[in-house]
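Peer 1: Sequence:
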Amino acid sequence: MVSRDDIVAWVEALQKVYAENKEYLTDLDAKIGDADHGINLDRGYSAVVKKLAETNPPDVSSVLKTVAMTLISSVGGASGPLYGTLFLRASTACAGKTELAAADIVAIFQAGLDGVLQRGKAQLEDKTMVDALTPAINAMQQALNNGADLKEMLQQGVMAAESGMKGTIPLLAKKGRASYLGERSIGHQDPGATSSYLLLKTAAELWS
Numbered sequence: 005m006v007s008r009d010d011i012v013a014w015v016e017a018l019q020k021v022y023a024e025n026k027e028y029l030t031d032l033d034a035k036i037g038d039a040d041h042g043i044n045l046d047r048g049y050s051a052v053v054k055k056l057a058e059t060n061p062p063d064v065s066s067v068l069k070t071v072a073m074t075l076i077s078s079v080g081g082a083s084g085p086l087y088g089t090l091f092l093r094a095s096t097a098c099a100g101k102t103e104l105a106a107a108d109i110v111a112i113f114q115a116g117l118d119g120v121l122q123r124g125k126a127q128l129e130d131k132t133m134v135d136a137l138t139p140a141i142n143a144m145q146q147a148l149n150n151g152a153d154l155k156e157m158l159q160q161g162v163m164a165a166e167s168g169m170k171g172t173i174p175l176l177a178k179k180g181r182a183s184y185l186g187e188r189s190i191g192h193q194d195p196g197a198t199s200s201y202l203l204l205k206t207a208a209e210l211w212s
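Quick note on numbering: the sequence shown equals residues 5 to 212 in this note's numbering.
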């Protein structure tokens, strides 16, 4: 089971992960975007950790909602609204729960992905974060259906996310700033898919 404190620990770990990968993510974004993805996420999650410490939200849903609102208000570009929407939908999907079982984890990530799809209007193979999140959540659902425990389920999700992330390299970008490059977007790994992979990888490392 994943508790409220486990969610907070995940978000705090994400702040460190995005700080450590700030230059890497920004370098990926420099090739096909605005060269600010890592900078934006570092700023956003630093604001999130500060906000959580100040407000101390009492349950899983309110922690996720605090993350969402802080990202939306503090992160520029597309990543703030998209990741904010992911966390906001996730918070709604676990309202009233004090702990999250494996099925609940799939449900919050699925709700988050649904929000991202609705907000960003991206589809699979558009070279976005959707290309990491969609196969990851499908893999987690399949693992859950096959009787996997939380650890195994998350590991399956991370492997699928990594494959999806790497799969963005040969794709032509069809959304966002990268789409303006046309054929020149081919051959570069998508920064949003990369940060989504890191988000799931960090969850798997902490919760299993």
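Don't take every hint at face value.
Said to hold, decoys possible - Calculated cross-link-like contacts (lysine-lysine; reagent style DSS-like; alpha-carbon spacing at most 25 Å):
#1 K54 x K125
#2 K101 x K26
#3 K55 x K125
#4 K69 x K55
#5 K179 x K155
#6 K26 x K69
#7 K35 x K101
#8 K69 x K178
#9 K69 x K35
#10 K155 x K35
Stated by the list, open to error - Each pair of labels, with its calculated beta carbon distance range:
#11 M163 x T59: 32 to 42 Å
#12 A99 x S50: 25 to 35 Å
#13 S77 x K20: 31 to 41 Å
#14 G151 x T59: 17 to 27 Å
#15 N150 x E103: 35 to 45 Å
#16 Q127 x T59: 20 to 30 Å
#17 S7 x Y184: 41 to 51 Å
#18 E103 x L185: 20 to 30 Å
#19 S50 x D9: 19 to 29 Å
#20 E27 x S183: 20 to 30 Å
#21 Y184 x P62: 43 to 53 Å
#22 E58 x G186: 24 to 34 Å
#23 A105 x Y184: 38 to 48 Å
The set of hints was computed from the structure by calculation and includes no laboratory data. Bear in mind that the values here come from a model prediction, so they are computed numbers and not experimental data. In this text, a Cβ means the ideal position worked out from N, Cα and C, and glycines have one as well.
Peer 1: A range of 17 to 27 Å was offered for this pair. Does it hold for the Cβ distance of G151 and T59?
Peer 2: violated, 38 Å
Peer 1: How does the Cβ-Cβ distance of S7 and Y184 compare with 41 to 51 Å: does it lie in that range?
Peer 2: With Cβ atoms ~44 Å apart, the hint holds.
Peer 1: Against the 25 Å threshold, does the CA-CA distance of K69 and K35 hold or violate the hint?
Peer 2: The given pair, whose Cα atoms are some 32 Å apart, is violated under the 25 Å limit.
Peer 1: Given a hinted range of 43 to 53 Å, is it respected by the beta-carbon distance of Y184 and P62?
Peer 2: holds, 44 Å
Peer 1: Is K55 within 25 Å of K125, Cα to Cα?
Peer 2: Roughly 30 Å separates the two Cα atoms, so the pair is violated.
Peer 1: Has the given pair, K69 with K55, been kept, meaning a C-alpha gap of at most 25 Å?
Peer 2: Holds. K69 to K55 sits at ~11 Å (cutoff 25 Å).
Peer 1: Can you confirm whether the C-alpha distance between K35 and K101 stays at or below 25 Å?
Peer 2: Roughly 42 Å between the alpha carbons, so the hint for K35 and K101 is violated.
Peer 1: Confirm or reject the claim that E58 and G186 have a C-beta distance inside 24 to 34 Å.
Peer 2: violated, 45 Å
Peer 1: Does the Cβ pair A105, Y184 satisfy 38 to 48 Å?
Peer 2: holds, 43 Å
Peer 1: Given the hinted pair K69 and K178, is their Cα-Cα distance within 25 Å?
Peer 2: At roughly 30 Å apart (the allowed maximum being 25 Å), K178 and K69 break the hint.
Peer 1: Does the alpha-carbon distance linking K26 and K69 stay inside the 25 Å limit?
Peer 2: holds, 24 Å
Peer 1: Should the hint that A99 and S50 are 25 to 35 Å apart at their CB atoms be regarded as holding?
Peer 2: With a Cβ separation near 27 Å, A99 and S50 satisfy 25 to 35 Å, so the hint holds.
When held up to the earlier numbered hints, the structure conflicts with 1, 2, 3, 5, 7, 8, 9, 10, 13, 14, 15, 16, 18, 22 and fits the remainder.
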